[in-house]
Amino acid sequence: MATIHLAQQSEADELLGRSPLAALVGMLLDQQVPMEWAFSGPYTIAQRMGSDDLDAAAIAAYDPDAFAEVLKEKPAVHRYPGNMAKRVQVLCQYLVDEYGGDASAVWRDVADGKELLARLKALPGFGEQKAKIFLALLGKQFDVQPEGWREAAGAYGEKGSFRSAADITGPESLAKVRAHKQEMKRAAKAEKGG
7 MATIHLAQQS EADELLGRSP LAALVGMLLD QQVPMEWAFS GPYTIAQRMG
57 SDDLDAAAIA AYDPDAFAEV LKEKPAVHRY PGNMAKRVQV LCQYLVDEYG
107 GDASAVWRDV ADGKELLARL KALPGFGEQK AKIFLALLGK QFDVQPEGWR
157 EAAGAYGEKG SFRSAADITG PESLAKVRAH KQEMKRAAKA EKGG
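The numbering of the sequence shown is our numbering, which starts it at 7 and goes up by one.
Hint data in this document are derived by calculation from the structure and do not stem from the laboratory.
Since the structure is predicted, the reported quantities are computational estimates derived from the model, not experimental observations.
Be aware that one or more of the hints could be misleading.
[As the list claims (entries may be wrong)] FRET-style restraints, in silico, Cβ to Cβ:
| id | residue 1 | residue 2 | range |
| --- | --- | --- | --- |
| 1 | Glu157 | Tyr86 | 29 to 37 Å |
| 2 | Gly199 | Tyr86 | 24 to 32 Å |
| 3 | Asp149 | Gly199 | 23 to 31 Å |
| 4 | Lys187 | Pro130 | 19 to 27 Å |
| 5 | Gly176 | Ser57 | 37 to 45 Å |
| 6 | Lys127 | Gly106 | 15 to 23 Å |
By construction, the Cβ of each residue, glycine as well, lies at the ideal position given by its N, Cα and C atoms.
The whole structure should be built from the sequences, with the hints applied where relevant.
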């Protein structure tokens, strides 16, 4: 079991460290909200469903309106709980259809980093950047390191970088990742002339 500090909340981080599905769902939720909020989402969802883990088949089969309510309940799991509820269910249905509901099967037995990146990019809700960040997270914190994983993760795979969720191991690294993201936003804004 990996020791994770993405949610900055012990119970949520413990779930992320032992549950491949929770880690995938946390990554899916990691957009347009603070990272800690996104990565504490899987724990909140599990608690509200009366469980200590997420189950892809159970989530996929859940009534969509009722599942949206699970995410909407205060405090909401995400800024856009209805939309993210749909995305989580689509991801879980894909995992059921393609991997028998076993999230870790996405990365188990891959030949190399390229194959892993391709599998991650095939996940609903995972574009190129999200797939590379998650690949880097798997390599850096979950010891999933097929040959060529750093190259496949691109800049996110670099040793000693503070670019993304893959690099967060505590409050200090979280602050460094936030600073990097702010700098990237400033640079992008300056480039646009704004």
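Cross-check of the supplied hints:
{"no.": "1", "hint": "Glu157 with Tyr86: 29 to 37 Å", "result": "34 Å, holds"}
{"no.": "2", "hint": "Gly199 with Tyr86: 24 to 32 Å", "result": "30 Å, holds"}
{"no.": "3", "hint": "Asp149 with Gly199: 23 to 31 Å", "result": "44 Å, violated"}
{"no.": "4", "hint": "Lys187 with Pro130: 19 to 27 Å", "result": "25 Å, holds"}
{"no.": "5", "hint": "Gly176 with Ser57: 37 to 45 Å", "result": "27 Å, violated"}
{"no.": "6", "hint": "Lys127 with Gly106: 15 to 23 Å", "result": "20 Å, holds"}
The structure fails hints 3 and 5 (numbered hints given earlier, in ascending order).
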